[in-house]
Amino acid sequence: MRVVIIGGGPSGAAAALTLLDAQIPVTIVECKPFPRYRPGETLHPGIEPLLDKLGVADRLHAAVSVRQTGIWSAWGGAMQFVPYGADPNGPWRGYQAIRADFDRRLLESARSRGATVLSGKASWVLFNTSDAVAGVMTSEGPIQATFVIDCSGGAHTLARQLRIPIVKYSPYLVARFGYATGCFDDPTPSICADHDGWTWIAEVEPHRFQWTRVTETHKRPDRTWIPQCLRGLETEPSRSADVTWRMAKTVAGPGYFLAGDSAAVLDPSSSHGVLRAIMSGMMAAHLVVRHLCDGADALVCASTYQEWLTRWFQHDVEEMSHAYQAVNLFGFTG
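FYI, in this note's numbering the residues of the sequence shown are 314 to 647.
Please note that the accuracy of each hint is not assured.
[Said to hold, decoys possible] Ranges between beta-carbon positions, derived for each pair:
| id | residue 1 | residue 2 | range |
| --- | --- | --- | --- |
| 1 | Ala375 | Asn441 | 36 to 46 Å |
| 2 | Asp555 | Glu453 | 24 to 34 Å |
| 3 | Asn402 | Ser553 | 13 to 23 Å |
No lab work stands behind these hints: they were computed from the structure.
Even glycine gets a Cβ: it sits at the ideal position worked out from N, Cα and C.
Make the full structure from the sequences, and use the hints.
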């Protein structure tokens, strides 16, 4: 009994930690070297209990140098502060994390608890005599598995190999993002919409700011672009990412689950990217445990996951569509 996880990002590491808690051996196949960079490094307050459940909260708090109780928003109006919320223990606080460091620490936690981490690429899928996914072929050779969880990200590795359609829910969107270091006194984190897109700025370390600019592909800024308010600061090379809203038509089936961006992608304005990655990795792993250890029906587990993730994704699509309609962006009109 072994589970292979394709990809060692937040969803893959979260899945591995959940499986290891159930004493299920895990092999993570990771093709991309660290550090890896992603747009939007503000983590939703809801991530804190998940980190506690995974037993990594203390270790990952070391990757966080800035926390905040809400965001500043100029979304179709004047700039105003929007708090995350509160409970009897006080205001909720989000995290500003350096994603490259956050992801590395999460994967190291899985490795330290017994996950085998292989550097390589899952080049194709192995099947058993019942046509269920039964492992992957890597540069190191075949790895047999009872289940494969694809956490490879927006490349949708397993979906493409299994010819699962990727359904798009938005125009083609691109995020360009980078860093600037120096003195900047405006309140952060902040998000500002304009007629072409929106810009996010967040202080991820003292005096170090990450910015993200999301537009339709044909209006993407060039590599030298940075927000006007950050010009004059010391900058680092920017990068880009495809943040078109999309979801695999089938996210669970015989011998496999898709989690994180491999299953579904939304642009960073959802504020749920890392939260969804970790929760979907944990949920997929939980259902694997339910089947392997508790005897739950595999088809029921796959159906449960499909319904759960689809419902969450569709809810966010509806909420984000309304938000874009309010500012007449990306073809979303009221």
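Against the structure, the hints:
1. Ala375 - Asn441: 36 to 46 Å: Because 42 Å falls inside the window, the suggested range holds.
2. Asp555 - Glu453: 24 to 34 Å: holds (29 Å)
3. Asn402 - Ser553: 13 to 23 Å: violated (39 Å)
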